[in-house]
Amino acid sequence: MQKFLSIENVGMEFDTKRGRFEALRDVNLLIQKGEFITLIGHSGCGKSTLLNMVAGLLYPSSGVVLLSNREVKGAGTDRAVVFQNHSLLPWLTCFDNVYLSVERVFAETESKAKLKQRTHDALKLVGLSHAEQKHPGEISGGMKQRVGIARAIAMQPKVLLLDEPFGALDALTRAKLQDELMAIVAEIKSTVVMVTHDVDEAVLLSDRIVMMTNGPAATIGDVVTVPLARPRDRLKLLADPVYLDCRRKVLEFLYQKQLRAAA
Amino acid sequence: MSTVANEVLVDAPPQAITAAVKPPKLAIVAKPGGSMKLVIMKWTMVFLPPLLGLLMFIGVWAIVAGSSPNLPGPAKTWASAVHLFSDPFYQKGPNDQGIGWNILASLKRVGIGFGMAAVIGIPVGFLIGRVAFLNGMLSPIISLLRPVSPLAWLPIGLLVFKAANPAAIWVIFISAIWPLIINTAVGVSRVPQDYLNVAKVLDLSPWKVTCKILLPATLPYILTGIRLSIGVAWLVIVAAEMLTGGVGIGFWVWDEWNNLNVEHIIIAIFVVGIVGLLLEQLLVFIAKKFSYEYVS
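So the sequence lines, in the order shown, correspond to chains A and B.
Numbering that gives the first Met the number 0 applies: residue 0 is where the first sequence begins, and numbers increase by one.
Numbering that gives the first Met the number 0 applies: residue 0 is where the second sequence begins, and numbers increase by one.
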């Protein structure tokens, strides 16, 4: 298996008021180029911690995260993050929010016109060409999250990291954005690591679902491979035995194997 | 007594009353289909309470003035004000200039003193908010000096600058700088973590972080600091000028006290109040221009 993104023997400890807290222990995961991975688990299992380590926002207490055989030592523009609460800058227009990241990555090598074109393209990809000059306060939650996605993909990152990107959205908007995300990822062929709580979301989007045990000292409990062909259609999948089987496996893991530990 | 009160009703407020009554008529013309009653009610509620408050104030003033022979009543003061403002920009030597010149002189001092306070205070506040070490270094000094009455600094100013005018500006500077430093520092330290995460993930340069994230996020706090500090400066200028002399609204008050021209002192109180109100409204207007919605 080709090592694209590899998480090796990673552990994470935090200093808290009540002493040391071991959040993660011995996490090992190999991710191939172009794979769509979801991290799923109960609240507090350290899945966001793991994502933040890949992003470079946190540094593992033990073990290493390697991207293209180089250690991840901090945040970098080869990885882009979409936050749950979108984190758009409210004083910038949608265009300027995306342009900020485009400028950071490509300003040294490309002309201003090219940078602007990249920004337009990214916003077009998420279907927001009409809202380019609006401020985040003037658009809906779903649109804000689209801008967040545009900001991330415009950087052309090696890995796209999504931290519960649709968690704050209503069910209908969430479904729409999931379909859009699938289309975008298929188009730009990005490697994706996504944290989610939602079993259906995980099965619909992923190539592999990484299921985490409950903390403290959480680790990877099991991995479910989703052998469904793409493009996937959420309505057709509803009766697909493979889909239902994957779904059952994840639900069993979360509600039989891990529930007792959580209680 | 009652004649004075009647005079007041006829004399000063009629303009205010007509001004208050006009807008509902316009509104009715503009919205012929809308319910007229509601529009009238709305405008009445907007204009009636402040109008009644003003009338009550003038009434109380008239009653007090009626029973105190030295205090001029509203009518006398109004007549004096009309005369005074008919020629606001005369110049008869350094100690006898029009009210307009005095107001402008005071505004100029406030402007210079506040401007210097902003140039120094905002960057200092920014650094304190960002660098914990500097915060530890400077906060004891700020805590110690902030509660000191601005006028206590006047002798130091006179000593160092050896002239009245720079000493007055110095007092304005020292009283205006604290709200600027403190509000800016609080603003910088309260920049939401989300925005700082964006800066981290995008790996932005310190310059970009300052311009695109810290400064815009702190701007509402800085504007609050500016409002507070101009408010304090305008409060302090009157007292400072009373002590330093020269041209200025504070000196003018003291001069008119020496002339025993009490009408002019009352006019000066209104002038200081109105100018302060206008400054405040101007800054609120600017602050609104720069406010953005924090929608999470």
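Because the hints were derived from the structure by calculation, they are not lab data.
There's no promise every hint is true.
What the hints assert, rightly or not - Pairs of lysine-lysine residues, derived as DSS-like cross-links and limited to a Cα-Cα distance of at most 25 Å, are as follows:
id	chain 1	residue 1	chain 2	residue 2
1	A	72	B	207
2	A	32	A	188
3	B	207	A	115
4	A	123	A	133
Said to hold, decoys possible - So these bits of chain A aren't anywhere near chain B, every CB distance computed over 12 Å:
id	residue
5	14
6	16
7	42
8	82
9	86
10	89
11	90
12	103
13	110
14	150
15	151
16	207
17	212
18	220
19	237
Glycine included, C-beta positions come from ideal geometry on N, C-alpha and C.
Outcome of the hint check:
| no. | hint | verdict |
| --- | --- | --- |
| 1 | A/72 x B/207 | holds (22 Å) |
| 2 | A/32 x A/188 | holds (9 Å) |
| 3 | B/207 x A/115 | holds (18 Å) |
| 4 | A/123 x A/133 | holds (14 Å) |
| 5 | 14 | holds (18 Å) |
| 6 | 16 | holds (19 Å) |
| 7 | 42 | holds (20 Å) |
| 8 | 82 | violated (7 Å) |
| 9 | 86 | violated (4 Å) |
| 10 | 89 | violated (5 Å) |
| 11 | 90 | violated (4 Å) |
| 12 | 103 | violated (5 Å) |
| 13 | 110 | holds (19 Å) |
| 14 | 150 | violated (9 Å) |
| 15 | 151 | violated (9 Å) |
| 16 | 207 | holds (24 Å) |
| 17 | 212 | holds (27 Å) |
| 18 | 220 | holds (28 Å) |
| 19 | 237 | holds (34 Å) |
Comparing the model with each numbered hint stated earlier shows that hints 8, 9, 10, 11, 12, 14, 15 do not hold.
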